[in-house]
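Participant: Chains as they are written, first to last, in this note's numbering: chain H, 2 to 109; chain F, 2 to 109.
Treat the hints as calculated values from the structure; they're not laboratory data.
Honestly, I wouldn't trust all of these hints.
You can't tell identical chains apart in this list, so a pair holds if it fits in one copy or across any two.
Claimed, not checked - Straight-line distance between alpha carbons at most 27 Å, and here's what the computed DSS-like set of lysine-lysine pairs gives:
| hint | residue 1 | residue 2 |
| --- | --- | --- |
| 1 | Lys52 | Lys20 |
| 2 | Lys20 | Lys5 |
| 3 | Lys5 | Lys52 |
| 4 | Lys17 | Lys52 |
From a predicted model like this one, the values you see are computed outputs, not experimental measurements.
There are 2 protein chains.
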Amino acid sequence: MDVKHLSDYLGFAAEKLQKHNLFQSERFFLDVYCLLPGQSQKPHRHAASDKVYIVLEGQCRFRLGADDTLQGPGAALFAPAGVEHGVTNDGPANARLLVLMTPPPEHA
Amino acid sequence: MDVKHLSDYLGFAAEKLQKHNLFQSERFFLDVYCLLPGQSQKPHRHAASDKVYIVLEGQCRFRLGADDTLQGPGAALFAPAGVEHGVTNDGPANARLLVLMTPPPEHA
Chain H
2 MDVKHLSDYL
12 GFAAEKLQKH
22 NLFQSERFFL
32 DVYCLLPGQS
42 QKPHRHAASD
52 KVYIVLEGQC
62 RFRLGADDTL
72 QGPGAALFAP
82 AGVEHGVTND
92 GPANARLLVL
102 MTPPPEHA
Chain F
2 MDVKHLSDYL
12 GFAAEKLQKH
22 NLFQSERFFL
32 DVYCLLPGQS
42 QKPHRHAASD
52 KVYIVLEGQC
62 RFRLGADDTL
72 QGPGAALFAP
82 AGVEHGVTND
92 GPANARLLVL
102 MTPPPEHA
């Protein structure tokens with residue numbers, strides 16, 4: 002049975018944001034991103050994939066289109082296909098995000 | 002900006018499980034399900050959609066294929082297309098689930 006526990010995905014690394022895959026199919030992937038203070042995913046866009054970020058712990062600054070917003074645990078942010086998006090952990094705490102992409106992009 | 006907070010989706014109802022939509026596109030929907038003790042979603046399957054359940058609070062008994070499992074907060078369960086799945090809140094606490102379906106099924 003395919004059961005995972007979010008609390009098991011805790012791997013951080015000093016060199017860069019860490020991505021841990023929970024589930025993947027041809028239709029989507031669901032990852033946990035672990036960001037130390039100062040780490041980020043630069044703003045980018047996917048032409049044909051939607052992305053959702055959900056904050057599990059910590060606080061991150063999100064870029065969605067032309068907007069910026071600081072969000073903590075329980076926040077869910079939707080970046081539809083074509084919309085620029087990115088995330089930075091401004092600190093001081095470690096941050097973990099649940100990240101949905103549907104469908105997985107070509108380069109994933 | 003499309004930001005939602007999971008803590009805002011708290012609507013339970015005595016007559017049946019409540020589904021609250023966070024985001025939807027042609028590619029997916031993301032809902033919060035609120036189940037009082039005793040409420041359930043009967044086992045069913047989707048021919049061409051994947052589903053993921055994530056327990057936000059409470060404990061639920063999940064059916065995945067031929068298996069049953071009792072899971073609490075932070076558990077993530079993957080029901081690929083074609084696999085029978087269902088969920089019951091055995092109680093005693095209220096339960097909330099984050100539910101991903103990709104793509105939205107024809108009847109959704």
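Participant: Take the hints in turn and mark each one as holding or not.
Facilitator: Results of checking the hints against the structure:
Taking CA atoms no more than 27 Å apart as the test, Lys52 paired with Lys20 passes in both settings, with 14 Å inside one copy and 21 Å between copies. Proximity of Lys20 to Lys5 under the C-alpha cut-off of 27 Å is found in both arrangements, the shortest distances being 15 Å within a copy and 23 Å between copies. Proximity of Lys5 to Lys52 under the C-alpha cut-off of 27 Å is found in both arrangements, the shortest distances being 21 Å within a copy and 14 Å between copies. For the homomeric pair Lys17 and Lys52, the shortest alpha-carbon distance inside one copy (20 Å) is at most 27 Å, but the shortest distance between copies (30 Å) is not.
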